[in-house]
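Student: Residue numbers (our numbering), protein chains in the order written: chain Y, 1 to 305; chain S, 1 to 305; chain L, 1 to 237; chain R, 1 to 237.
What the hints contain is simulated information worked out from the structure, not anything from laboratory work.
Do not rely on the hints blindly, as some may be mistaken.
Stated by the list, open to error - Here are the computed lysine-lysine pairs in the BS3-like style, where the Cα-Cα straight-line distance is at most 25 Å:
1. 65/R - 93/S
2. 210/Y - 44/L
3. 65/R - 210/S
4. 210/S - 134/R
5. 210/Y - 298/S
6. 200/Y - 209/S
7. 53/S - 290/Y
8. 86/S - 219/R
9. 178/L - 210/Y
10. 210/Y - 300/S
11. 85/Y - 2/L
12. 38/Y - 219/L
13. 200/S - 178/R
14. 80/S - 219/R
15. 178/R - 53/S
16. 80/Y - 6/L
17. 6/L - 86/Y
18. 93/Y - 12/Y
What the hints assert, rightly or not - So, partial list: chain L residues that the calculated Cβ filter (under 10 Å) puts toward chain Y:
19. 1
20. 41
21. 42
22. 84
23. 179
24. 183
Every residue, glycine too, gets a C-beta built ideally from N, C-alpha and C.
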Amino acid sequence: MADLSVNLNGFKLKTPIMTASGTFGYADEFEDFTDMSKIGAIVTKAISIEPKKGNAGDRIFEYKNYGMINRIGLENIGIKEFVSKKLPLLKQKNIDFVMNLAGNTVEDYVNCAKIAEENDIKAIEVNVSCPNVKSGCLEFGTDPVSLENLTSKIRKVYKNFLIVKLTPNTSNIEALAKSAENGGADCISAINTLRGLGVKLDITPFGIKKTFVRGGLSGKCIKPVALYMVQNIKQVVKIPVIGIGGISSLEDVLEFLAIGADAVQIGTENFTNPDITEKITTELDEFIIKNNFESLDKLKEELRK
Amino acid sequence: MADLSVNLNGFKLKTPIMTASGTFGYADEFEDFTDMSKIGAIVTKAISIEPKKGNAGDRIFEYKNYGMINRIGLENIGIKEFVSKKLPLLKQKNIDFVMNLAGNTVEDYVNCAKIAEENDIKAIEVNVSCPNVKSGCLEFGTDPVSLENLTSKIRKVYKNFLIVKLTPNTSNIEALAKSAENGGADCISAINTLRGLGVKLDITPFGIKKTFVRGGLSGKCIKPVALYMVQNIKQVVKIPVIGIGGISSLEDVLEFLAIGADAVQIGTENFTNPDITEKITTELDEFIIKNNFESLDKLKEELRK
Amino acid sequence: MKRNHKSKVINNIKIAKGTYKLSIQSDIEKVKAGQFLSILCNNKTLRRPFSISGYENGIIEILYKLKGEGTEFITNLKPDDDIEFLAPLGNGFDVKNVQNALLIGAGIGIAPVLFLKKVLSEKNIKNYLITGFKSEQEKIEGSDKTIIGGSVLDNIDELINEIKPDMIYSCGPSIVLKKISDTGIKHKIKTQIAMEKVMACSIGVCRGCTIELKDGTNKTVCKDGPVFMGDEILWRI
Amino acid sequence: MKRNHKSKVINNIKIAKGTYKLSIQSDIEKVKAGQFLSILCNNKTLRRPFSISGYENGIIEILYKLKGEGTEFITNLKPDDDIEFLAPLGNGFDVKNVQNALLIGAGIGIAPVLFLKKVLSEKNIKNYLITGFKSEQEKIEGSDKTIIGGSVLDNIDELINEIKPDMIYSCGPSIVLKKISDTGIKHKIKTQIAMEKVMACSIGVCRGCTIELKDGTNKTVCKDGPVFMGDEILWRI
Ligand SMILES: Cc1cc2nc3c(=O)[nH]c(=O)nc-3n(C[C@H](O)[C@H](O)[C@H](O)COP(=O)(O)OP(=O)(O)OC[C@H]3O[C@@H](n4cnc5c(N)ncnc54)[C@H](O)[C@@H]3O)c2cc1C
Ligand SMILES: Cc1cc2nc3c(=O)[nH]c(=O)nc-3n(C[C@H](O)[C@H](O)[C@H](O)COP(=O)(O)OP(=O)(O)OC[C@H]3O[C@@H](n4cnc5c(N)ncnc54)[C@H](O)[C@@H]3O)c2cc1C
Ligand SMILES: Cc1cc2nc3c(=O)[nH]c(=O)nc-3n(C[C@H](O)[C@H](O)[C@H](O)COP(=O)(O)O)c2cc1C
Ligand SMILES: Cc1cc2nc3c(=O)[nH]c(=O)nc-3n(C[C@H](O)[C@H](O)[C@H](O)COP(=O)(O)O)c2cc1C
Ligand code: FES
Ligand code: FES
């Protein structure tokens, strides 16, 4: 096996392919479907200070094989239950993970990060980009000043690996990336979902039944946007960048590596193929060996020449 | 035939389905491939005050059947040649059209609009969202204050039908829509292309050949984003809104009408199927007749109930 | 144990108007009626969930209606074609301590209760299956009583008074299910309702398919369900 | 006249390693060598352009290499399948006043010059076609000379001195075309070069396929080309 390891500014991954927040739960369910040890790290569903019930009504809308729209609304068990019930399992099973966290106020984030610090959680990913919750949180995601302030406050209470995850729903992702870096983030991940609306019309003799799902667009259709933004972010920051958006094949992973991504996350494709991360990781390994690139680092070099 | 006509705030279209700027040229070439009289109106390729040569290098990148990325860079013949060579043809052939215009400075826009006014051009669409030209023009597209200023200056010199076309590359399309309305626009069209990057890697024994195309993403993959933004715009302005983005079927047109679009434009799909607008228009007509909706207006009502 | 199966189609036949029966080879050892599987469709982002309508010696059977592109993909599968699916998923119907069951299937909702009827009969538990279809052409065989055109709810009170079931099982459109749940409450009979919701992961991780219970909790249809006690569901219709 | 044809495949056969010949029925009355068509591929946003390699009584022929998903779609077409394409597109080669032509095709670039050879021969214009392929297995028949492994440029000066052509026609990878253009300039012989560029509309409206000429103008490969005078092209490689 080739050396696939990545050192993200001190945070070490055995492979560069992680699973994205909200698409892999807390890792527990996926054991039946894939070999967890092949995954670089799993990112948990967003955790907030209090449990959240999420949105009522339809939460999922499929857009053919192009992607999907979700409006889960950050439903989650809250950090206390995460720490008491899920964390011991993750540690016991030796699963490398990143805790994704979301909040409505700066205090929420800071308090969550504190608890993460106290419980020796090795890495957190700050979700400032959830487009499907009304209250405030998109603000941090689109205003560079608020984002730098938020990041630096989290930085003060959290000493381990701090990832800030950016939203594509902005005209200036570069400024946001710089804010995260200036605020003290160790790493940036991008992108979260694009804003999208799914419409389904059932036209029957008795009238027209309409389904509307407004939320976050993910999957294959967002890949060009993600590539664009990751490339732009790489040009303005020195910290590592994790590329996310529409990845479903080894080719996609190589494209993100070629434009400078240090690692990647796979989201929606986990629903289509629950063993996709394991599969691509195996393919990456074989690809490196077949082409005599020796290691992931060497491959990255070749791709960026 | 059903009554498909639309009155957009005074600008009358015989059908609600137009062709989008940059995808139908100046209408001349398409005569060989489709019946122009079936098209609501064609929107010309963006015209600027001076001719533009556009970008060097690869300009087109296909992303499977999801869409494409272009970086034409607003290559065009300039308004003088448009007025002297293309305008007479359009008038002679009795083609309903909208002149799309782009510029680098407020003066550019105003001067173009003046010439449009002098030449009795019935409608213009102001492209403030071209994402693939470096110089300035994206600014108007993302800053509400500049956009209102720009719109009102154009309004002063141009009395006919004024459409402002918005970019999706912003965190606040609602504010931009309101700016356009406040500035005196008669109508809004949305969306222009999303920013996107296409990457192609050819991995050969002799090395890795890379193609990068950074530009505007269009086609099926952007439909959910377009639907989302058009719905949001409709909620904040009173003027009519033309929906654009990823339309390739009657179903797509109905979805845009259902969320409130007053008319639509078809872009990328013209490349796939040059007679698509004619085809969907015929289908729309048949659909209205088959379901006894009588007219487009009645259909819109039913779709919005 | 539930997992991702890469297997083969045995048979895929039309059994009624717009309705098909698909049989799939598998090495699954045990399935409960009410459980479902989730099929990968190559032209779709999300897998498509279907109730298991029969199981014998590893062979899994589903009954499905042609709806859109996903089921269209499935109708095109031929014997010996590859098929990939997650199974068995969900909790299934609970038959413990039941002695006299009324089973109600509205339309294609017959699928899981047909399987349940077989299970109950094998356990010698008294049962009665009533189903309803829009038209004779859409009718699927196997019920004790079939209503064509009308609703399975039409004479439901009389039927309950006659049969005196100690448990009602049902699957179908949610508007029907809510009424069955209400009927159960009225007659003080427990109902077990197989719910449907659009699913993304179908294994309980994405929280895309939740319904609310009266106790204020959110439950996933795919993992906590699809079968819920009717009187615990907070109906939103 | 150019338009969108909805027609039928006559034949689609493999003629060399990774190389196929497709014949299509059409009611097209006239085609110039160097013109192309643009095929709708159901799995693709953009149509795929191919040089016309032969034409007789409405039957259009192309030679194509399997590259990616678009050509994969085309390889799967069988006789009598529907096919939709725009044709005939572009300007084609100019043969006016030519008396002694050298034709050079590198790889699949043979397609348009093979057609041109036939046209020239029918007009009794002297011509010589030299082509090159990576390997014997990829070789396509019909040339006066074929180079396997090496490059069509290998002994080009000698060949020109021998033949003394008054016009050179060529198609192939752009790096080869540039060298042929340079060679033409050196020998003071005009070159007609069939260019390739990724196309969106393929009918001259989108400006997606432009190349620059030395006079500072942008020309579309799809409409102003694909054939340009080699000495007018501003080579960017
Ligand atoms: C637990 C469960 C059991 C089911 N059992 C059966 C069964 O036994 N027989 C049967 O015919 N149908 C069953 N269905 C419904 C079946 O899943 C849909 O008819 C099918 O997904 C339609 O897919 P489509 O692409 O053909 O149609 P589409 O046009 O894509 O969708 C039609 C409708 O199907 C539903 N649907 C679409 N995608 C999904 C999805 N990913 N998850 C859930 N629902 C979706 C939605 O209500 C949608 O409006 C079941 C659904 C669930 C949740
Ligand atoms: C005027 C012209 C004439 C051509 N004649 C021939 C011919 O006779 N025989 C032949 O085998 N090939 C010919 N080509 C090239 C042919 O169009 C490509 O090989 C084909 O489009 C590949 O499509 P794909 O989906 O299989 O591969 P992809 O993997 O999608 O693309 C492979 C390469 O093909 C080219 N290509 C892809 N899409 C397009 C497009 N929409 N327009 C133009 N080029 C594209 C690009 O260079 C790309 O890198 C011609 C191209 C042009 C422009
Ligand atoms: C159902 C669903 C739930 C998600 N939940 C979260 C979340 O809780 N926190 C977060 O940061 N991102 C969340 N995301 C975004 C993904 O982590 C990822 O950024 C996005 O889906 C783009 O990647 P993809 O195209 O591979 O899916 C969610 C995405 C989906 C589809
Ligand atoms: C090749 C190309 C050129 C375009 N040029 C222009 C332009 O000049 N002015 C403009 O306002 N929009 C331009 N657009 C954007 C389209 O008009 C349209 O807004 C966008 O493509 C989304 O619609 P679609 O998904 O139907 O293509 C162009 C789009 C394409 C694909
Ligand atoms: S579908 Fe993901 S939790 Fe049920
Ligand atoms: S491909 Fe559109 S102008 Fe040539």
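Student: Now tell me, hint by hint, if it's right for this structure.
Tutor: Hint by hint, here is what the structure shows:
Among the hinted pairs, residue 65/R with residue 93/S is inconsistent with the structure: their alpha-carbon atoms are about 42 Å apart, more than 25 Å. For the hint linking residue 210/Y to residue 44/L, the alpha-carbon distance of about 21 Å falls within 25 Å, and the restraint holds. Among the hinted pairs, residue 65/R with residue 210/S is consistent with the structure: their alpha-carbon atoms are about 20 Å apart, no more than 25 Å. Proposed proximity of residue 210/S and residue 134/R is supported: the alpha carbons are some 22 Å apart, at most 25 Å.
Straight-line distance between C-alpha atoms of residue 210/Y and residue 298/S comes to about 17 Å, which keeps the hinted pair within the 25 Å bound. Proposed proximity of residue 200/Y and residue 209/S is contradicted: the alpha carbons are some 42 Å apart, above 25 Å. About 44 Å separates the Cα atoms of residue 53/S and residue 290/Y, which puts this hinted pair outside 25 Å; it is violated. Distance hint between residue 86/S and residue 219/R is fulfilled; the C-alpha atoms sit about 18 Å from each other, no more than 25 Å.
Pair hint residue 178/L plus residue 210/Y holds up; C-alpha atoms about 21 Å apart against a cutoff of 25 Å. Between the alpha carbons of residue 210/Y and residue 300/S the distance comes to roughly 13 Å, so the proposed pair stays at or under 25 Å and holds. With a C-alpha separation of about 23 Å, the suggested pair residue 85/Y and residue 2/L falls inside the 25 Å cut-off, and the hint holds. Restraint check for residue 38/Y and residue 219/L: the C-alpha separation of about 30 Å exceeds 25 Å, so the hint is violated.
With a C-alpha separation of about 24 Å, the suggested pairing of residue 200/S with residue 178/R holds against the 25 Å cut-off. Of the pairs offered as hints, the one joining residue 80/S and residue 219/R holds, with about 20 Å between alpha carbons and a cut-off of 25 Å not exceeded. Under the criterion of a C-alpha separation no larger than 25 Å, the hint pairing residue 178/R with residue 53/S is consistent with the structure, at around 23 Å. For the suggested pair residue 80/Y and residue 6/L, the alpha carbons sit about 39 Å apart, so the restraint of at most 25 Å is broken.
Of the pairs offered as hints, the one joining residue 6/L and residue 86/Y is violated, with about 30 Å between alpha carbons and a cut-off of 25 Å exceeded. With a C-alpha separation of about 18 Å, the suggested pair residue 93/Y and residue 12/Y falls inside the 25 Å cut-off, and the hint holds. Satisfaction of the interface hint for residue 1/L is found here, the shortest Cβ-Cβ separation to chain Y being roughly 6 Å, below the 10 Å cut-off. Restraint check, residue 41/L versus chain Y: the minimum CB separation of about 9 Å is within 10 Å; hint holds.
A distance limit of 10 Å between C-beta atoms decides the matter here; for residue 42/L the minimum to chain Y is near 8 Å, and the interface restraint holds. A hinted interface residue such as residue 84/L counts as satisfied when its beta carbon comes closer than 10 Å to some beta carbon of chain Y; here the least separation is about 8 Å, so the hint holds. Restraint check, residue 179/L versus chain Y: the minimum CB separation of about 19 Å is more than 10 Å; hint violated. A distance limit of 10 Å between C-beta atoms decides the matter here; for residue 183/L the minimum to chain Y is near 25 Å, and the interface restraint is violated.
Hints 1, 6, 7, 12, 16, 17, 23 and 24 from the earlier list are contradicted by this structure; the remaining hints agree with it.
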